[in-house]
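S.K.: The working numbering puts the first residue of the sequence shown at 4, with every later residue one more than the last.
Take the hints with a grain of salt, since some may be wrong.
[Stated by the list, open to error] Label-pair ranges, simulated between beta-carbon atoms:
#1 Glu108 to Glu47: 34 to 42 Å
#2 Glu74 to Ala43: 26 to 34 Å
#3 Lys106 to His45: 31 to 39 Å
#4 Ala53 to Gln87: 14 to 22 Å
#5 Gln32 to Asn85: 20 to 28 Å
#6 Ala109 to Ser48: 31 to 39 Å
Hints listed in this document are in silico derivations from the structure and should not be mistaken for laboratory results. Don't be surprised by glycine CBs; every beta carbon is placed ideally from N, CA and C.
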Amino acid sequence: MAIDISASYNRKSSKFEAGFHWAKPETVQKVCEIVRKQLALHPESDLTSASKFSDLGADSLDTVEIVMGLEEVFDISVEEENSQSITTVQEAADLIEKLVQKKTEA
4 MAIDISASYN RKSSKFEAGF HWAKPETVQK VCEIVRKQLA LHPESDLTSA SKFSDLGADS
64 LDTVEIVMGL EEVFDISVEE ENSQSITTVQ EAADLIEKLV QKKTEA
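Assemble the whole structure, with the sequences as input and the hints as a guide.
M.R.: Right under this line is the structure:
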């Protein structure tokens, strides 16, 4: 399992935020595929784990449809409050890993 530790400065709250990203590379890749398909992006478009949906032209409806696609592909259910907090490929992949793990432990 890959673990990526990063830090960023949140301009809105004027605080540094540390993040732990533990999604598997194949999960990140699958999220990228779903985002490309949903947003009709070119197959060669440069998507990374840090790609923000809004920077790719996604509006709130697109984000809902991305989440619905993730739910279908990964056979998970994302609660509304979680879906509203997903803004990047990495956040989506991390949430998927968490929900899949939770599902297998149940």
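S.K.: Give a verdict on every hint.
M.R.: Okay, the hints, checked on the actual structure:
1. At roughly 38 Å, the beta carbons of Glu108 and Glu47 sit within the given window of 34 to 42 Å.
2. Between Glu74 and Ala43, the C-beta spacing of about 20 Å breaks the proposed range 26 to 34 Å.
3. About 33 Å separates the C-beta atoms of Lys106 and His45, a value consistent with the hinted range of 31 to 39 Å.
4. For the pair Ala53 and Gln87, the supplied restraint of 14 to 22 Å holds, since their beta-carbon distance comes to about 19 Å.
5. Restraint check, Gln32 to Asn85: a C-beta distance of roughly 21 Å satisfies the suggested window 20 to 28 Å.
6. Range check, Ala109 to Ser48: about 36 Å between beta-carbon atoms, so the 31 to 39 Å window is met.
Comparing the model with each earlier hint shows a violation of hint 2 alone; every other hint is respected.
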